[in-house]
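For reference, the chains in residue letters:
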Amino acid sequence: MIRFVIRRILWLIPVLLGVITIVFILTAITPGDPVSMLVGENASEETRQEVRAELGLDKPLVYRYGKYIVDIVTKGSIGVSYKTKKPVWDEIMLRFPNTIKLALLSLAVAILVGVPLGVLAGVKQYSVIDNACIIASLIFCSMPEFWLGLMLILAFAVNLGWVPAFGIRSWLGWILPVATLGLRAAANIARISRSSMLDVVRQDYIRTARAKGQKESVVMLKHGLRNALIPIITNVGSQLGSLLGGAVTIETVFSISGIGKYMLDGLSGRDYPVMQGGVLILAFVFSIINLLVDIAYAFVDPRIKAKYKSHGISKAERKKLLASFAKEG
Amino acid sequence: MGNNDNLLELKNVIVHYETQDGVVEAVNNVSFSLKKGESLGMVGETGAGKTTIALTIMGLLPKPPAHVIRGEIRFKGENLFDKSVKQMRAIRGNDISMIFQDPMTALNPVLTVGDQIAEVVRLHNKMTKAEALDKAKEMLKTVGIPEERVSDYPHQFSGGMKQRVVIAIALACNPELLIADEPTTALDVTIQAQVLQSIKELKEKMGTSLIFITHDFGIVANICEKCAVIYAGEIIEMGTVEQVFRHPSHPYTIGLFESIPKLDGDEERLKPIPGLMSDPMDLPQYCSFYDRCMRRCDSCKNGEPAVVDLGDGHIVKCKLFESNGNAEGGQE
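Chains as they are written, first to last, in this note's numbering: chain Z, 3 to 331; chain W, 106 to 437.
Chain Z with its partners taken away, still in its complex shape (with noise of 0.2 Å):
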């Protein structure tokens, strides 16, 4: 297991350069020009050789790209801003808890929300609950979630005036950013938690469970939810995931200063450091969150830990082994 763990952070390494190389090819062939963003149009060519010398522009992107990863490794450093000179480590890192709030407050209301809904629709297919989970999921799922942040602004900050309409001054501005980016994941969440739960509970090991004389409501949560878990994790894994990046849209809507912002502002003002450290840092956590979904498997289903377990023998090991065996042959 620790072995499988240590193998999974080393992979991350060719992960994140692949995704430096990709950002870098981006920034090349993104129309646009940092140096006029920064110094204006009608700067003069003077002005605009020296800007260009100074952020080291001038140079190749193959020697930028290879002092990007040198810095990396040797600095620790991501980069520093065009525009306000500061390290792109420092400023994230100012904004990230915003943003790592709202996903994780969103995450909290759609499981809360999700999961139950949608094991109650799969275990009373086609009754009243399991219609109105349906439809309502479908509409969450549709609507787009800078709309759907748009018209709860209306509703209950502007007409009813219940919330404030954006910022994050008090608890009060969460509510609709959380409940706006909650309430969709948790309509995607209800869906796949109903499918999996119909899945499981034609399954014989809940007819066996039956004729043991268990109470239905101990059947459906021990022997059917276990069960019915494993599709359920992947979905919040990947829920967290575009949580996140749905944080971009939705930071914007509500003016919260998070990563989302952040990389939106870099990317009109086309500050490449800015770009490559966000998408970096949030390929990371990517990586970070799907580690541990599979982690997480491996609790809910020992067959799965079996298999991680059973890769855990070592080159020495098979060599010894097949030389045992070529000997008796």
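For the record, the hints were derived by calculation from the structure and aren't laboratory data. None of the values given here were measured: they were computed from a predicted structure. Please note that the accuracy of each hint is not assured.
[What the hints assert, rightly or not] Each computed DSS-like pair below joins lysine-lysine, with the alpha-carbon atoms no more than 30 Å apart: (1) Z:K224 x W:K242; (2) Z:K217 x W:K191; (3) W:K231 x Z:K217.
Given chain Z's structure and the hints, the job is docking chain W onto it.
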């Protein structure tokens, strides 16, 4: 028939599955009784309604689509159809338990086998978790699995061992009636023999009554005293194993015996029964075996055959015997 010494008694049980395509007449007027310690083999083709009979007794019919139309099931004199859900739960797993057909899917993959055995023990006995696990170890030993494996998961067992775990679950509370639904069909032959031996020994040791569902006459001869032949949801012949095997009377039973390969005979080919079982959604008003019967006559189309006692409780449901036996007249 005497009532008091019967552990289980089914009277005119009718079960239908009401589906969108029509009504499936799965169990039609089934009546039989089982004394304490007795074992009954139920033989019939796939889809004859054997499993539905078993699930009806267990109270585990999927409702909907299943509906009990009529009849009663008396267990220790009390009608199971009158029991509340809670009362049935107390009976299930404790007084009546069931072994299912496919051991590969009958166990919960995410719980240890010990937990799964202990679960049924704790449901019906006041025990701590540790005591129940001790009982689980004891049950594993009883079915021939080392007790150290109590904390292993189902995927770490072979098919035959899984089936023995299922048997351990079924027998953990010393049930008075055990229903085994083709417990060996999914296993290969050597393992079959071991599992059958376990069931036979445990049944004798604990004095459990047994309903053994199979399509293998050999198994019935091996472990049962009584034998019932099911066709299209009806018992068409029933008696002691001796009676049914020595003097198979219903043309279907005879056909079944003839379709078993014999090594000492001259025949080079098997003699299968021609045709397929009638569609249970569209059963005829007369004998449902009529279309495939080699000995049918015109009178067979005149209503359903009555139940005829050929003597000593050997019953058969066929027009051929109505004149020379004493008809009981199961139908109204």
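Against the structure, the hints come out as follows:
1. Z:K224 x W:K242: holds (22 Å)
2. Z:K217 x W:K191: Between Z:K217 and W:K191 the Cα gap is close to 8 Å, so the pair holds against 30 Å.
3. W:K231 x Z:K217: holds (16 Å)
The earlier numbered hints are all upheld by this structure, with none contradicted.
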